[in-house]
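Number of protein chains: 2
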Amino acid sequence: MDKKDTFFNATDVRWMAGDVEHGDIVMSTRIRLARNLKDYRFPRAFSEDEAFKLDQTISNVLLDAETLDQHFTHIDIATTPILQKKVLVEKHLISPQLAHKDRSASVVISDDESVSVMINEEDHLRIQCIEPGLDLEKAYFNADTLDRYLEEYVPYAFDEEFGYLTSCPTNTGTGMRASVMMHLPALTMTDQMEQIISMMPRLGMVVRGIYGEGTEAVGNYYQISNQVTLGKSEEEILTDLQSLAEQIVQRETESRKALLDHAETIMNDRVNRSLGTLHYARILTSDEAANCLSNVRLGIDLGLIENIPTKVLNKCMLVIQPGFLQQYVGTTLKPNERDVYRATLLREILNNVRQREKGDDSYDV
Amino acid sequence: MDKKDTFFNATDVRWMAGDVEHGDIVMSTRIRLARNLKDYRFPRAFSEDEAFKLDQTISNVLLDAETLDQHFTHIDIATTPILQKKVLVEKHLISPQLAHKDRSASVVISDDESVSVMINEEDHLRIQCIEPGLDLEKAYFNADTLDRYLEEYVPYAFDEEFGYLTSCPTNTGTGMRASVMMHLPALTMTDQMEQIISMMPRLGMVVRGIYGEGTEAVGNYYQISNQVTLGKSEEEILTDLQSLAEQIVQRETESRKALLDHAETIMNDRVNRSLGTLHYARILTSDEAANCLSNVRLGIDLGLIENIPTKVLNKCMLVIQPGFLQQYVGTTLKPNERDVYRATLLREILNNVRQREKGDDSYDV
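Sequences listed follow chains A and B, in order. Here the first sequence is numbered in this note's numbering, starting from 1398 and rising by one per residue. Here the second sequence is numbered in this note's numbering, starting from 1398 and rising by one per residue.
Careful, some of the hints might be misleading.
No more than 35 angstroms apart at the CA atoms, straight line, and that leaves these computed lysine-lysine pairs for DSBU-like [to be verified]:
1. A:Lys1654 / B:Lys1731
2. B:Lys1654 / A:Lys1731
3. A:Lys1401 / A:Lys1435
Per label pair, the in silico range of CB-to-CB distance [stated by the list, open to error]:
4. B:Ile1663 / A:Asp1402: 32 to 40 angstroms
5. A:Leu1657 / B:Asp1402: 39 to 47 angstroms
6. B:Lys1401 / A:Leu1657: 43 to 51 angstroms
Derived by calculation from the structure, the hints in this document are not laboratory data. Predicted model only: the values in this text are computed from it and were never measured. Glycine residues also receive a C-beta, built at the ideal position from the N, C-alpha and C atoms.
Pulled out of the complex, with its shape left as it was, chain A reads as follows (with noise of 0.2 angstroms):
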């Protein structure tokens, strides 16, 4: 396979691993540097000629680097299919704004998927960087490698007082978002989410659904991340990070044990109804399956629910967005059509599983 078809089709992504610290809670760590070069003008002010120089300039470092340890592909976003692209911004790899550029903007990601560059979205390049559970310290590493690569062939616009430039004011400082996802299922049905989003202003973080800015937590799943980049060191920012996920953590431990402790069966019977939706619903839309998914991780994580591996979890949780979905089917469908398609696929997915778990490996997961 072309290593750009398994960005459009591979389910199996290192940073969904979950078999790492916390990796029952924070499904994983993103860190993302936004840069841009000094000699040219910012996207929004560019010129198509200058955009085109840009990319080319900087997807050549970025594919010719030996001294990184990565292999890294180049994607034409206005080259790509339409569907392709949602793949790419379902998976995290872009951003919907770089999806939607008809102008030299492209993307240039590592083997792993753990690194993306993207060039000419908002600001010249956006690095970001993602690493499976809890660990900022990782993902951090990886971005600063790169960023420090980059630098000594691209130089950056750069202010002594103000620290990295970038298009948009919010960005400027360190020009940097790290942020978690976590999955808190607990807080949410012991309705403890309104507490700690509303406290996130006061500690210069923000909370954000899956698919980020603008969007709302569907299945139980919030990113949280910095909202300054100015005034803070990166150090700053990244203890801040780690000790409030730190906290939150414990209290969706809490609470689950507590669930478990004081309402079992009823929560035995929500994660299992929410199986039986998977198995059996012949229409599902993306918000209940998420849901379903949600519920059904949990049930695994209490120990209520066993015999699903994590991997299959995560496999689930990708290919019921609209995107992934129709990259699957091979065309575009209606709505409706996605939601029969969507029940069908993921009712094949765990029957395989099944299937398998009775010792039959003709079955592929």
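With chain A's structure known, arrange chain B on it following the hints.
Just chain B, lined up with the frame of chain A:
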């Protein structure tokens, strides 16, 4: 097993057989005759001595019956434990009113449970004959045969002008209530039941839920019976009810076809989700269980669900009821305990079907 124990435990009831005319829509047909003896005061007014004597007289006539093709068992109400009385009510062998009697009252039941005679309920005698499917002719023939037989030994209170005299004037005349129990999920889903129910009084008919007077239609089961007993002959009542039942069967059949033609996926989703709930829920109220079973029955009738025998569904319908459930577990349970036990029992029964389907005969349906 003692014959009485069979009545309290058996779930394989002949009148739930189902493989009869219109058996997919009409569950059963029932004829009830109210009779009083000439030489006794009505139950509302008579003494304990009279009640006792009457109970003995009638039950002896039935137990000694040699000309009838049936063998009967006498069950005294006052000495029957409450749980077992609940089961008899749930099997429609006695009325809730009889179950609450604290003096000489009894029921005489035929071995196949198709005939039951309540003694000293509201009237001295309530003869009930039940048949599977739509079969007013046979049910009436059986009731009439037993009625004529009894009249030879115990003279009835009969008035040339009014007909059979009863405790409640609404039964005076023929003393007959003919009823059919119908499963009408398609008419319910398409909001046609209200209109059907509203036309009943003009036809001298009435619609009730599955558990008789004053109960709501649970699980889309409706009991349709004649309201009028005076001024109409038995034959007229039977002809009118037969005609009405056939019309409703036709409308239900048309609605099912329309649902399948125009909304097959939605129906498939609905009936399978219900099957999923029965397979996976850990807490099930009797109402939810009845509604899920109704959907599964519809799914079987429409060919959307396979491999669940009607016999198993009928068993499920019986065991979800509080009395049966507690009789099964052998002890009284609080309502929330019943909901958990109900879910467990249904999962077991349905899993046994699945095992058996796979050729493993060690499981008992």
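What are the numbers of the hints that this structure violates, sorted from low to high? none
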